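Starting from the known structure of chain H, arrange chains Z and U on it as the hints suggest.
Protein chains in written order, with numbering that gives the first Met the number 0: chain H, 0 to 348; chain Z, 0 to 348; chain U, 0 to 348.
Since the hints were made in silico from the structure, they are not lab data. All values reported here derive from a predicted model rather than from experimental measurement. Check before you lean on any hint, since a few could be wrong.
Identical copies look the same in the list; a pair holds intra-copy or inter-copy alike.
What the hints assert, rightly or not - Cross-link-like lysine to aspartate or glutamate pairs, in silico, DMTMM-like; alpha carbons within 25 Å at most:
| id | residue 1 | residue 2 |
| --- | --- | --- |
| 1 | K327 | E314 |
| 2 | K196 | D111 |
| 3 | K265 | D20 |
| 4 | K317 | D20 |
| 5 | K337 | D137 |
| 6 | K196 | D207 |
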Amino acid sequence: MAISKTLSDLANHVGGKVIGDGSVVIHKVSAIDQAGPGEISFLTNPRYQRFLPQCRASAVIVAPGVVSQSDSSITLNFLETVDPYVAFAKILQLLSPAPQYSRAISAAAHVDSSAVIAKGATIFPNVFIGARTRIGRDTVLFPGVFIGDNVEIGAASVLHPNVVVRDGCRVGERVILHAGVVIGSDGFGYAGADRVKIPQVGIVVVEDDVEIGANTTVDRATLGQTVIGRGAKIDNLVQIAHNVVIGEHSVVAAQAGIAGSTRLGKNVTLAGQVGVVNHIQIGDGATIGPQSGVGQSVPAGALLSSGLTAAPHHEWLKVMVLLPQLPKLWSAVRSLEKQLARMITAGKK
Amino acid sequence: MAISKTLSDLANHVGGKVIGDGSVVIHKVSAIDQAGPGEISFLTNPRYQRFLPQCRASAVIVAPGVVSQSDSSITLNFLETVDPYVAFAKILQLLSPAPQYSRAISAAAHVDSSAVIAKGATIFPNVFIGARTRIGRDTVLFPGVFIGDNVEIGAASVLHPNVVVRDGCRVGERVILHAGVVIGSDGFGYAGADRVKIPQVGIVVVEDDVEIGANTTVDRATLGQTVIGRGAKIDNLVQIAHNVVIGEHSVVAAQAGIAGSTRLGKNVTLAGQVGVVNHIQIGDGATIGPQSGVGQSVPAGALLSSGLTAAPHHEWLKVMVLLPQLPKLWSAVRSLEKQLARMITAGKK
Amino acid sequence: MAISKTLSDLANHVGGKVIGDGSVVIHKVSAIDQAGPGEISFLTNPRYQRFLPQCRASAVIVAPGVVSQSDSSITLNFLETVDPYVAFAKILQLLSPAPQYSRAISAAAHVDSSAVIAKGATIFPNVFIGARTRIGRDTVLFPGVFIGDNVEIGAASVLHPNVVVRDGCRVGERVILHAGVVIGSDGFGYAGADRVKIPQVGIVVVEDDVEIGANTTVDRATLGQTVIGRGAKIDNLVQIAHNVVIGEHSVVAAQAGIAGSTRLGKNVTLAGQVGVVNHIQIGDGATIGPQSGVGQSVPAGALLSSGLTAAPHHEWLKVMVLLPQLPKLWSAVRSLEKQLARMITAGKK
Numbered sequence: 000m001a002i003s004k005t006l007s008d009l010a011n012h013v014g015g016k017v018i019g020d021g022s023v024v025i026h027k028v029s030a031i032d033q034a035g036p037g038e039i040s041f042l043t044n045p046r047y048q049r050f051l052p053q054c055r056a057s058a059v060i061v062a063p064g065v066v067s068q069s070d071s072s073i074t075l076n077f078l079e080t081v082d083p084y085v086a087f088a089k090i091l092q093l094l095s096p097a098p099q100y101s102r103a104i105s106a107a108a109h110v111d112s113s114a115v116i117a118k119g120a121t122i123f124p125n126v127f128i129g130a131r132t133r134i135g136r137d138t139v140l141f142p143g144v145f146i147g148d149n150v151e152i153g154a155a156s157v158l159h160p161n162v163v164v165r166d167g168c169r170v171g172e173r174v175i176l177h178a179g180v181v182i183g184s185d186g187f188g189y190a191g192a193d194r195v196k197i198p199q200v201g202i203v204v205v206e207d208d209v210e211i212g213a214n215t216t217v218d219r220a221t222l223g224q225t226v227i228g229r230g231a232k233i234d235n236l237v238q239i240a241h242n243v244v245i246g247e248h249s250v251v252a253a254q255a256g257i258a259g260s261t262r263l264g265k266n267v268t269l270a271g272q273v274g275v276v277n278h279i280q281i282g283d284g285a286t287i288g289p290q291s292g293v294g295q296s297v298p299a300g301a302l303l304s305s306g307l308t309a310a311p312h313h314e315w316l317k318v319m320v321l322l323p324q325l326p327k328l329w330s331a332v333r334s335l336e337k338q339l340a341r342m343i344t345a346g347k348k
Numbered sequence: 000m001a002i003s004k005t006l007s008d009l010a011n012h013v014g015g016k017v018i019g020d021g022s023v024v025i026h027k028v029s030a031i032d033q034a035g036p037g038e039i040s041f042l043t044n045p046r047y048q049r050f051l052p053q054c055r056a057s058a059v060i061v062a063p064g065v066v067s068q069s070d071s072s073i074t075l076n077f078l079e080t081v082d083p084y085v086a087f088a089k090i091l092q093l094l095s096p097a098p099q100y101s102r103a104i105s106a107a108a109h110v111d112s113s114a115v116i117a118k119g120a121t122i123f124p125n126v127f128i129g130a131r132t133r134i135g136r137d138t139v140l141f142p143g144v145f146i147g148d149n150v151e152i153g154a155a156s157v158l159h160p161n162v163v164v165r166d167g168c169r170v171g172e173r174v175i176l177h178a179g180v181v182i183g184s185d186g187f188g189y190a191g192a193d194r195v196k197i198p199q200v201g202i203v204v205v206e207d208d209v210e211i212g213a214n215t216t217v218d219r220a221t222l223g224q225t226v227i228g229r230g231a232k233i234d235n236l237v238q239i240a241h242n243v244v245i246g247e248h249s250v251v252a253a254q255a256g257i258a259g260s261t262r263l264g265k266n267v268t269l270a271g272q273v274g275v276v277n278h279i280q281i282g283d284g285a286t287i288g289p290q291s292g293v294g295q296s297v298p299a300g301a302l303l304s305s306g307l308t309a310a311p312h313h314e315w316l317k318v319m320v321l322l323p324q325l326p327k328l329w330s331a332v333r334s335l336e337k338q339l340a341r342m343i344t345a346g347k348k
Numbered sequence: 000m001a002i003s004k005t006l007s008d009l010a011n012h013v014g015g016k017v018i019g020d021g022s023v024v025i026h027k028v029s030a031i032d033q034a035g036p037g038e039i040s041f042l043t044n045p046r047y048q049r050f051l052p053q054c055r056a057s058a059v060i061v062a063p064g065v066v067s068q069s070d071s072s073i074t075l076n077f078l079e080t081v082d083p084y085v086a087f088a089k090i091l092q093l094l095s096p097a098p099q100y101s102r103a104i105s106a107a108a109h110v111d112s113s114a115v116i117a118k119g120a121t122i123f124p125n126v127f128i129g130a131r132t133r134i135g136r137d138t139v140l141f142p143g144v145f146i147g148d149n150v151e152i153g154a155a156s157v158l159h160p161n162v163v164v165r166d167g168c169r170v171g172e173r174v175i176l177h178a179g180v181v182i183g184s185d186g187f188g189y190a191g192a193d194r195v196k197i198p199q200v201g202i203v204v205v206e207d208d209v210e211i212g213a214n215t216t217v218d219r220a221t222l223g224q225t226v227i228g229r230g231a232k233i234d235n236l237v238q239i240a241h242n243v244v245i246g247e248h249s250v251v252a253a254q255a256g257i258a259g260s261t262r263l264g265k266n267v268t269l270a271g272q273v274g275v276v277n278h279i280q281i282g283d284g285a286t287i288g289p290q291s292g293v294g295q296s297v298p299a300g301a302l303l304s305s306g307l308t309a310a311p312h313h314e315w316l317k318v319m320v321l322l323p324q325l326p327k328l329w330s331a332v333r334s335l336e337k338q339l340a341r342m343i344t345a346g347k348k
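So here's chain H without its partners, still in its complex pose (with noise of 0.2 Å):
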């Protein structure tokens, strides 16, 4: 059930022009080395603008300025647009068929009799749902789905197979967790030498327009709430402990981790396999690049990193040797330092 729409739909969808044939019909997206008719594609990168003369696409989403009507040599048509990401993200939106659900409750599905499942939603075999938890409209829970006591799950949420929400968690509108999210695992908390258990007695609300990647752990609270902003994107194998709060926005990139009650601002990145200690700030803006470790608070707008590049071996070797050495290099350098500047005092006399 392919969805066509033409060029000029298309370019009316995204609030763009056309260049060309604004009629052709268009079904698909698809890579600018890859694509044929029936199909638009997209410059992003002006190291693929050398496809352009081979590319037997029907039309190509392009930035102002990389071409002009008055080009000839040029037959594509072409959709100019500011932000052709953006344009491709919004048309393979469009193309994509909605998946169809039964929008039914499964009779192979266990769901208390205190639940309320709201109208519209999808409750596939094998869920399992707590006492007195609320599903929204038109929210689907795929199978293997375990959703606790006293949930809340907003209207228009996905939750993939094999998603876990324990007691108590509340889920926003249109929020998707991917396959083997766990949301409400106790947080990683122990008293003394004989490690008693600090029960874990708060939630994890994960708020609107959240996506969370599959088997992303997000731990409940000690007491209070482990909070997900609005519209953040976390993605697969994340972890984030109890406590913490992640602002509107941000994004954390996978296996990264982030450990207890440290707090991210709005539209703060994280790289991929980034480590940030507990008990810290990271404010607004900021951006960690990869495999970094952050140890303490970090201002606004920051832009860090401590990640190293992989070298060849046998001189990284060497490196590794004289990196612990480096306080004693120090001392060279300073005592050399000081040497010549008595030389040179010794001299001048």
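The following block gives chains Z and U in isolation, referenced to the frame of chain H:
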């Protein structure tokens, strides 16, 4: 169903002493800046002492010396105890109502006819239990839990949703396995250039009082056993390879990984995202800092780290370029030292 | 149901030669310090040779030259072969009884009426299989497995409990997916400041003879395919982003992460916790050491690393402070060199 206790009861429970009115009734534990009447808070960090004057809690747990009975300016009640954090944990346990389970085997669970389920165990719907497996008294298996053949799960353990324990593995008493934990997946073993799969025919033994965090994976041994020692606490998304032995009461933070056949002693602490190579020993009581790499055996009691702290990106780029040239820098310094020594010798002549 | 073979049978099976009595019957493989009568052990590490004199095994697998037939002091039987580790793997395979499955579709599985399940496949309870999906001959789907619509799973594959394969993905023959693996989750793609979701309409192709470890995640392509090449072996908790291509027979150890559109050649090895940025190429046969960061393309055959080794914490703290000052140190050394050169020149005058 909140539980209420007098402050005196709580003091007795944790072996502490009341300063103020022991008859106040407490039903909840709250953070010091959020607590209200009927609630008890705690002071474990001196930095939070500034909240005391405005604190509206009915009582605060403090260490000896924080308040004196003669201090008339403070009108709060206190529970004085040697370790306020442990007291906090114990009081939170006392006031948190124990979850109520059905203590029944759901008709929608799949239990092999040769499996033995002890009295008081709760088997939720969609649980699968294999042949000749034994489940201990009062143990709880949440929906989606898979237990293979010939498995033993001890008494009073809790396996959260979608936990997997494969054939032959043994889990002790009072063990908590959080959602998505995998126990007994195949170790990562291949032989030769053709990568012949080495069958992983050993098991995993999880001893009593262990807690393992969400989506953590523990591989079965090639031959013999992978062991998680009594009382060890493992956080989320940790990787424990085949034939690893984790000593009693060790603590492994989130996203750490331990390669094959490595042995951790007792009371070892690995911080988050630590990586440990295979076939080494980490001695009792050793502590490894966040993101560190451990490439060789570590003596007991050692405190090691190799994690880096994120610096301004443009400055770090320069460091990254210079780091591989560290050997060259050393040579330059050595050469300077020699030249200078020669000059000094020459000058003395 | 143990399987027994004579030592001669085993030698034939692996193309080796018996030194001693080929008629002894072997039913088990054990470690050299634990083996007893009826068991065969193996010597792959010369360090373990010291266990030979006390070894109680009925036979030991060794490389040529380890024992000589004339050595009367050793009374053990030996299986001599060029690669004892491969022989160990093959003999362990031979002596490990194949698991027995029902080869039936459980009535408690949810199989869409348009799905096609080949003969000999085992579908456990609580499996979900979507529309138009095809499951190959003798393939095993454990409880909690979710297979979406239009999926193909080849013959003789094993999908362990709670594996998820989303719509449209293709899995080859003899593939092993360990518990909790997610194939085909959405790639992490957003466009513009508003983070418009880029629909992920591509698929994942897992070729024949691939093995993927527990809780590993493989994202579907934005457009096109994410590919895990034939014979590749992926460990636990690995992140493979959208449009990544893993070449044939490559090996990726636990907790490594590969960002979007990066291509690994054939026989590439990534050690544990390695991170690879997006849009690069790693050449055939390259090896990347543990915890390394790979920020640019890597030539074939390269051996790279950037991992650090944990040092005593108080010493490492000094290194961490000095590291960002490396550029300053270089300047100091350069300045010293110039001063010294000037002095030498002046001294010559």
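A quick look at each hint next to the structure:
{"no.": "1", "hint": "K327 <-> E314", "verdict": "both (20 Å within a copy, 11 Å between copies)"}
{"no.": "2", "hint": "K196 <-> D111", "verdict": "neither (30 Å within a copy, 34 Å between copies)"}
{"no.": "3", "hint": "K265 <-> D20", "verdict": "neither (42 Å within a copy, 45 Å between copies)"}
{"no.": "4", "hint": "K317 <-> D20", "verdict": "neither (62 Å within a copy, 50 Å between copies)"}
{"no.": "5", "hint": "K337 <-> D137", "verdict": "neither (75 Å within a copy, 74 Å between copies)"}
{"no.": "6", "hint": "K196 <-> D207", "verdict": "between (32 Å within a copy, 14 Å between copies)"}
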